[in-house]
Amino acid sequence: MQTVKMVITGPFSAGKTEFIRSISEIDVVSTERKISSEAERVKEATTVAMDFGRITVDEDLVLYLFGTPGQRRFDFMWEILSEGMLGFIVLIDSVRSETFREAKHILEIFRSYAPTPYVVAANKQDLPDAWSPEDLRIALKIDSNVKVLSCVATEKEHVKNVLLELLYSILEGMEEGT
Amino acid sequence: MALKGNLRDFSTTQLLNLVNLARKTGLLVIQGQTDTARLYFREGKLIHANIGNADGHLADMLLKAGKLSAEQAQMIQTRAGMQSDKQLGLALMSAGYVTQEDIVQSVKKHMLDIVYTLFSWNQGDFQFDQNLLPSDDRIAVPINLENVIMEGSRRIQESEQLQDELPDLTSVALRFTDNPDARLRNVNLSVEEWRVISFINPRNTIKQIAQSNGMDDFQIRKIVYGMLQAGLVELARPEGMAAPAVGGRRGGVEKPPAVKRSVVERLITRIKRI
Numbered sequence: 001m002q003t004v005k006m007v008i009t010g011p012f013s014a015g016k017t018e019f020i021r022s023i024s025e026i027d028v029v030s031t032e033r034k035i036s037s038e039a040e041r042v043k044e045a046t047t048v049a050m051d052f053g054r055i056t057v058d059e060d061l062v063l064y065l066f067g068t069p070g071q072r073r074f075d076f077m078w079e080i081l082s083e084g085m086l087g088f089i090v091l092i093d094s095v096r097s098e099t100f101r102e103a104k105h106i107l108e109i110f111r112s113y114a115p116t117p118y119v120v121a122a123n124k125q126d127l128p129d130a131w132s133p134e135d136l137r138i139a140l141k142i143d144s145n146v147k148v149l150s151c152v153a154t155e156k157e158h159v160k161n162v163l164l165e166l167l168y169s170i171l172e173g174m175e176e177g178t
Numbered sequence: 001m002a003l004k005g006n007l008r009d010f011s012t013t014q015l016l017n018l019v020n021l022a023r024k025t026g027l028l029v030i031q032g033q034t035d036t037a038r039l040y041f042r043e044g045k046l047i048h049a050n051i052g053n054a055d056g057h058l059a060d061m062l063l064k065a066g067k068l069s070a071e072q073a074q075m076i077q078t079r080a081g082m083q084s085d086k087q088l089g090l091a092l093m094s095a096g097y098v099t100q101e102d103i104v105q106s107v108k109k110h111m112l113d114i115v116y117t118l119f120s121w122n123q124g125d126f127q128f129d130q131n132l133l134p135s136d137d138r139i140a141v142p143i144n145l146e147n148v149i150m151e152g153s154r155r156i157q158e159s160e161q162l163q164d165e166l167p168d169l170t171s172v173a174l175r176f177t178d179n180p181d182a183r184l185r186n187v188n189l190s191v192e193e194w195r196v197i198s199f200i201n202p203r204n205t206i207k208q209i210a211q212s213n214g215m216d217d218f219q220i221r222k223i224v225y226g227m228l229q230a231g232l233v234e235l236a237r238p239e240g241m242a243a244p245a246v247g248g249r250r251g252g253v254e255k256p257p258a259v260k261r262s263v264v265e266r267l268i269t270r271i272k273r274i
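If you're matching them up, the sequences are chains W and B in order.
Okay, so the first sequence: first residue is 1 according to the working numbering, each after it adds one.
Okay, so the second sequence: first residue is 1 according to the working numbering, each after it adds one.
Simulated from the structure, these hints should not be mistaken for laboratory data.
Among these hints, one or two may not hold up.
What the hints assert, rightly or not - One side of the interface only, derived from the structure: several residues of chain B facing chain W at Cβ under 7 Å:
| # | residue |
| --- | --- |
| 1 | LYS4 |
| 2 | GLY5 |
| 3 | PHE10 |
| 4 | ALA22 |
| 5 | VAL141 |
| 6 | ILE143 |
| 7 | ARG261 |
| 8 | ILE268 |
| 9 | ARG270 |
| 10 | ARG273 |
Claimed, not checked - Keeping only pairs whose Cα atoms sit at most 20 Å apart, straight-line, the calculated DMTMM-like set for lysine to aspartate or glutamate is:
| # | chain 1 | residue 1 | chain 2 | residue 2 |
| --- | --- | --- | --- | --- |
| 11 | B | LYS86 | B | ASP102 |
| 12 | B | LYS4 | W | GLU25 |
| 13 | W | LYS156 | W | ASP27 |
| 14 | B | LYS24 | W | ASP129 |
| 15 | B | LYS108 | B | ASP136 |
| 16 | W | LYS5 | W | GLU59 |
| 17 | B | LYS64 | B | GLU101 |
| 18 | W | LYS5 | W | ASP60 |
| 19 | B | LYS207 | B | GLU192 |
| 20 | B | LYS4 | W | ASP27 |
| 21 | B | LYS207 | B | GLU165 |
| 22 | B | LYS109 | B | ASP164 |
| 23 | W | LYS104 | B | ASP164 |
| 24 | B | LYS45 | B | ASP113 |
| 25 | W | LYS104 | W | GLU155 |
| 26 | W | LYS104 | B | ASP168 |
| 27 | B | LYS272 | W | GLU155 |
| 28 | B | LYS260 | W | ASP60 |
| 29 | B | LYS260 | W | GLU134 |
| 30 | B | LYS4 | W | ASP143 |
| 31 | B | LYS272 | W | GLU157 |
| 32 | W | LYS160 | W | GLU18 |
| 33 | B | LYS4 | W | ASP126 |
| 34 | W | LYS141 | B | ASP60 |
| 35 | B | LYS260 | W | GLU175 |
| 36 | W | LYS147 | W | GLU165 |
| 37 | B | LYS272 | W | GLU25 |
| 38 | B | LYS4 | B | ASP129 |
| 39 | W | LYS5 | B | GLU265 |
| 40 | B | LYS260 | W | GLU59 |
Note that beta-carbon positions come from the ideal geometry of N, C-alpha and C, so glycine has one too.
Using the sequences and the hints given, assemble the complete structure.
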């Protein structure tokens, strides 16, 4: 059986766990802990090692989704999770501009791990104060050839769209490489 | 959709750059520690500004610009009463106190003084509301933001902040953004900036450009930061240099896994069916 892997990364509280939960056919294997830092207490628990989801294509092919921990002190996990990835998704909390710098930093780190295609998903677009994908592209200085997609991680159709766009980017990369 | 945040996380320079590149129209309100600034934009150009309780009366602007004496300004404000800035401007020109050019330059100076003040604000909540414009009685003078961003960046004195923005000078080069000639014609560059421009080439690292011009790290950071924010140049990997491992521990770039096209197509088909 062949397995392929995609990584969902992004800053703390960007919605990575919800993203995987919305599409995985199994209950997401999540390694969450209660938040200890007062500064980061915007949600009850956070991912400290990884989230793990699965989509079975057929008996010969399985797609695994790995969500990275968002807090910087667990960044030793990022490189481990990135090994062998087919592509990656950078999830951004479109409402919390204080996390944009961190999102850009994470994006650059994952780019340095492997020259795999990636897309940026502007999450929480259902909230009134969300920055639009167009504004986020400018704010984070994202290349024009990289897709910045509108997303609500709790909506399965949005998550499907982000995954599909990443797969289309991977296909385009293959065409350019041949 | 309002843009909200804090200058602590998204600086004045970055905000103006966003307004400029996205050609935004609306009102940007920044709540500073002591004052509140309001900047109005139309299609990415600054058209009106005020700060604190000062309403930005035309007579005050002309006084500050030295076009009127204190007595004249006082007298005009008393007599003008509820007259709008536009009406007052016409009356002053008719009376021969000032020229149209005096008014335009004074309004510009008033706006620029406010904007340049904001570059030194390191924190403060901001909100941008689309499509809000100043009242019609105001004199709106459009100002291109590229030069404002350049000049504002020149005034950023904090080397730590610059270092934060451009930490690595030895493995990063510069290249012009698309169509730089058109942009450069509208930007006022200092002699030092032109000297840096003349060395921009993907073969030269920023450090090498600095050394060629006898500049220290702070000077080159300041110039490059200004040009980056104005959208004239962008960072590039120097030719012949491997991709840096930003924060990585392997020191090299891993090749992507060999996956056949048919595998990706099967994944697409499966996800579409979910």
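(request) Below or equal to 20 Å on CA atoms is what counts here, so check LYS104/W against ASP168/B. (result) Holds, because 16 Å separates the two Cα atoms, which is no more than 20 Å.
(request) Please verify that hint: ILE268/B, Cβ, nearest Cβ of chain W, below 7 Å or not. (result) Constraint on ILE268/B satisfied, holds at 5 Å.
(request) Compare the distance between the alpha carbons of LYS5/W and ASP60/W with 20 Å, and conclude whether the hinted pair is satisfied. (result) 14 Å, holds
(request) Given the hint that LYS104/W pairs with ASP164/B, test it: the Cα-Cα distance must not exceed 20 Å. (result) Cα-Cα ~13 Å, so holds.
(message) Please verify whether LYS141/W and ASP60/B have alpha carbons no more than 20 Å apart.
(response) Given that 20 Å is the threshold and the Cα spacing comes to 40 Å, the pair is violated.
(request) Classify the hint on VAL141/B as holds or violated, based on whether any CB of chain W lies nearer than 7 Å to its CB. (result) 25 Å, violated
(message) Between the alpha carbons of LYS86/B and ASP102/B, is the straight-line distance 20 Å or under?
(response) Satisfied, since the Cα-Cα distance of roughly 14 Å is no more than 20 Å.
(request) Using Cβ atoms only, decide whether ILE143/B comes closer than 7 Å to chain W, and label the hint accordingly. (result) With a closest approach of 20 Å, the ILE143/B hint is violated.
(message) Check the hint pairing LYS147/W with GLU165/W against an upper bound of 20 Å on the C-alpha distance.
(response) 8 Å, holds
(message) Need the status of pair LYS260/B, GLU175/W: alpha-carbon distance at most 20 Å?
(response) Holds - the C-alpha atoms of GLU175/W and LYS260/B are around 11 Å apart, at most 20 Å.
(request) Would you check whether PHE10/B satisfies its interface hint, that is, whether its CB is within less than 7 Å of any CB in chain W? (result) 5 Å, holds
(request) Would you check the hint for LYS156/W and ASP27/W, treating anything up to 20 Å between C-alpha atoms as holding? (result) 15 Å, holds
Hint check: violations occur at hints 5, 6, 10, 12, 20, 22, 25, 29, 30, 34; the rest are consistent with the structure.
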